[in-house]
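Participant: Listed below, chain by chain, are the residues.
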Amino acid sequence: MSGRWLAGKVAAALLTFAFVLVFNFFLFRVMGDPTTQLARLPQATPEELQQLRHNYGLDKPLMGQFVDYVGDTGRLDLGLSQRSRQPVWSEIKDALPWTLLLVGTGTLLATVIGSWLGVVAATRRGKRTDDGLLGFSLFTYAAPEYWIGIILILVFAVWIPIFPSGLQVTPGVQFSGFFSNAWDVAKHLVLPATAMTLMLLGQYFLIMRSSMVDVLTEDFITVKRATGLPWERVVRRHAVPNALLPLVTLSAIQFGAVVGGAITIETIFSWPGLGELSFQAINDKDFPVLEGTFLVFSAGVILANLLADCLYFYLDPRVQSR
Amino acid sequence: MSGEQAGAAVEVLAQPEFGDEPGTVRELLLGTWRGRFGLAVVALFAFMALFGKAIAPYPPDASSLDVLAPPSIHHLLGTTESGADVLSQVLVGARVSIVVGLAAAAISAVLGSTVGLVGGYFGGWTDRGLDALENWFLVIPTLPLMIVLARLLNPSLTVLIAVIGLTSWAGTGRIVRAQVLTLRERAFVERARALGAGDGYIIRKHILPNTLPLIFANTVLIVAVAILSEAALSFLGLGDPTRISWGTMLENAFESGAPSAQAWWYVIPPGLCITVLVLAISILGYLFEEHVNPRLREHG
Numbered sequence: 001m002s003g004r005w006l007a008g009k010v011a012a013a014l015l016t017f018a019f020v021l022v023f024n025f026f027l028f029r030v031m032g033d034p035t036t037q038l039a040r041l042p043q044a045t046p047e048e049l050q051q052l053r054h055n056y057g058l059d060k061p062l063m064g065q066f067v068d069y070v071g072d073t074g075r076l077d078l079g080l081s082q083r084s085r086q087p088v089w090s091e092i093k094d095a096l097p098w099t100l101l102l103v104g105t106g107t108l109l110a111t112v113i114g115s116w117l118g119v120v121a122a123t124r125r126g127k128r129t130d131d132g133l134l135g136f137s138l139f140t141y142a143a144p145e146y147w148i149g150i151i152l153i154l155v156f157a158v159w160i161p162i163f164p165s166g167l168q169v170t171p172g173v174q175f176s177g178f179f180s181n182a183w184d185v186a187k188h189l190v191l192p193a194t195a196m197t198l199m200l201l202g203q204y205f206l207i208m209r210s211s212m213v214d215v216l217t218e219d220f221i222t223v224k225r226a227t228g229l230p231w232e233r234v235v236r237r238h239a240v241p242n243a244l245l246p247l248v249t250l251s252a253i254q255f256g257a258v259v260g261g262a263i264t265i266e267t268i269f270s271w272p273g274l275g276e277l278s279f280q281a282i283n284d285k286d287f288p289v290l291e292g293t294f295l296v297f298s299a300g301v302i303l304a305n306l307l308a309d310c311l312y313f314y315l316d317p318r319v320q321s322r
Numbered sequence: 001m002s003g004e005q006a007g008a009a010v011e012v013l014a015q016p017e018f019g020d021e022p023g024t025v026r027e028l029l030l031g032t033w034r035g036r037f038g039l040a041v042v043a044l045f046a047f048m049a050l051f052g053k054a055i056a057p058y059p060p061d062a063s064s065l066d067v068l069a070p071p072s073i074h075h076l077l078g079t080t081e082s083g084a085d086v087l088s089q090v091l092v093g094a095r096v097s098i099v100v101g102l103a104a105a106a107i108s109a110v111l112g113s114t115v116g117l118v119g120g121y122f123g124g125w126t127d128r129g130l131d132a133l134e135n136w137f138l139v140i141p142t143l144p145l146m147i148v149l150a151r152l153l154n155p156s157l158t159v160l161i162a163v164i165g166l167t168s169w170a171g172t173g174r175i176v177r178a179q180v181l182t183l184r185e186r187a188f189v190e191r192a193r194a195l196g197a198g199d200g201y202i203i204r205k206h207i208l209p210n211t212l213p214l215i216f217a218n219t220v221l222i223v224a225v226a227i228l229s230e231a232a233l234s235f236l237g238l239g240d241p242t243r244i245s246w247g248t249m250l251e252n253a254f255e256s257g258a259p260s261a262q263a264w265w266y267v268i269p270p271g272l273c274i275t276v277l278v279l280a281i282s283i284l285g286y287l288f289e290e291h292v293n294p295r296l297r298e299h300g
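Protein chains in written order, with my numbering: chain R, 1 to 322; chain G, 1 to 300.
A few of these clues could be false.
[What the hints assert, rightly or not] To be clear about the criterion: a stretch of chain R counts as covered by chain G if any three or more of its residues have a C-beta under 8 Å from a C-beta of chain G, and this derived list gives those stretches:
1. 263-271
2. 280-291
[As the list claims (entries may be wrong)] Examples of chain R residues lying across from chain G (beta carbon under 10 Å, computed):
3. 20
4. 24
5. 138
6. 139
7. 148
No lab work stands behind these hints: they were computed from the structure. Here a beta-carbon is modelled for each residue, glycine too, at the ideal position from N, C-alpha and C.
Please construct the entire structure, taking both the sequences and the accompanying hints into account.
Facilitator: Here it is, written out as structure tokens:
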């Protein structure tokens with residue numbers, strides 16, 4: 001029974017990804033005729049355009065083109081960047097680790113700090129601490145993350161210059177070893193990761209707070225307190241583990257927002273990840289790169305949703321018995 | 001024909017399950033701290049959207065030699081990199097944000113409720129197909145999708161509205177569908193059907209009126225999301241190049257190096273406007289949602 005549940009989830013994820021492929025194909029190949037983008041030379045003759053169409057297989061019937069496209073994508077052949085003339089996949093491969101580092105740090109910090117603050121607020125429900133934290137999290141939730149990023153630069157890189165305002169390493173420096181290099185990257189990571197954390201914090205806080213409020217009113221908590229256990233221990237050992245479950249689903253739902261945040265935050269901090277790559281592609285109208293990053297972003301979100309489903313499956317016995 | 005008459009008779013029996021007891025919406029907006037805050041902020045920004053151009057002290061794009069000047073008597077919020085008045089730009093920028101927010105949310109509401117109503121009411125393969133479409137839009141990362149669409153079409157106000165509206169309806173569709181699924185089985189709908197009412201009549205007279213409050217609450221929340229989306233797209237250079245919005249202001253401020261010039265007067269106002277307006281609209285949206293959805297209300 002449970003195997004079928006998982007298989008269904010995997011099949012749904014694959015189907016969604018197939019949808020993405022079809023959508024991408026139509027968007028970039030049919031809606032925007034690639035030859036108009038390929039031949040940016042204004043003096044290209046119709047014969048040259050025809051030759052281009054032939055070279056790229058664009059004179060084949062649509063179905064044949066689609067099969068070619070799926071095959072190319074399967075071989076990770078995503079075409080050439082119009083700006084750098086490099087294969088799109090190699091640009092994505094270089095950028096991906098930086099995005100994962102930024103997004104991973106931000107998500108980790110937001111989950112830990114957000115849920116901790118949620119517990120603090122829930123156990124002091126209605127008090128001033130609770131109100132203050134609620135106000136703060138609503139503010140960070142409504143504020144555009146790139147605006148927060150610019151303010152961080154203004155304050156911590158210009159006004160009090162303690163952190164670098166952009167890039168991932170100090171340019172032109174030869175590092176004596178791995179650790180001095182890592183230390184330099186870490187310093188560059190502080191501000192963008194803070195912006196990412198502040199962007200995600202509010203949601204984790206709100207979910208954890210309401211989840212804790214629910215759990216704290218349940219009978220088993222009252223029973224635990226009645227047995228004479230100290231309040232701190234009841235919260236830590238019995239309430240928090242039960243309240244953590246909704247966070248798992250949230251982190252998957254958040255992933256779409258994380259991707260959006262990666263684009264704007266990386267742009268602000270010239271962080272050389274997928275977001276910055278997309279931003280440059282927007283400016284240069286570099287459609288092959290834009291298409292490639294969109295594909296990777298979509299695949300990432302689909303994968304994150306699938307992982308969260310699997311995690312939920314192992315964490316919540318009620319799903320398994322279904 | 002007979003369906004219409006039968007439906008009219010049934011109307012007396014039909015008790016709307018959700019909706020407003022008279023007076024409560026007013027109480028909701030004026031009787032709570034959150035309601036008063038939300039209403040006051042929205043009213044202030046609506047005023048800016050309507051009369052911003054008229055009360056702006058300078059033409060918003062009038063350049064001068066006073067480049068990146070800090071706040072003074074002449075320029076209450078200082079000047080931009082081209083010497084234009086920041087306050088005037090903030091006042092004028094309200095219009096684009098609010099127009100895009102409202103128009104995109106309207107498209108999203110119409111699309112979402114149509115898909116939700118049709119899928120939920122008719123069920124079967126129609127529902128399965130529409131549900132798959134909804135799922136797809138829910139999973140796909142929204143900002144990259146909007147970027148790709150906006151880049152392929154050429155940036156203008158209409159393109160912004162269309163792109164945001166077309167990519168943000170799936171959540172509404174999901175909520176409406178769930179509501180229609182429960183309404184469809186209710187006794188008063190079955191009574192209407194038994195008396196011979198047609199599908200169109202039932203949807204118009206029974207399903208839609210009982211779903212509207214929910215659609216409304218959800219659409220208020222979408223307005224906030226649409227305002228944030230417009231700002232993000234404009235910030236990335238995909239806004240309408242002929243109009244000033246808070247997003248394009250932030251783009252210009254960032255591109256012209258305002259952060260390294262410590263020009264806080266240029267950076268803070270547009271972002272703060274976005275934040276406060278989004279906050280106020282979201283608070284109103286949640287108030288309506290709590291009011292419409294009794295399950296949330298008792299939760300407190």
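Participant: For this structure, which hints from the list above don't hold up?
Facilitator: none
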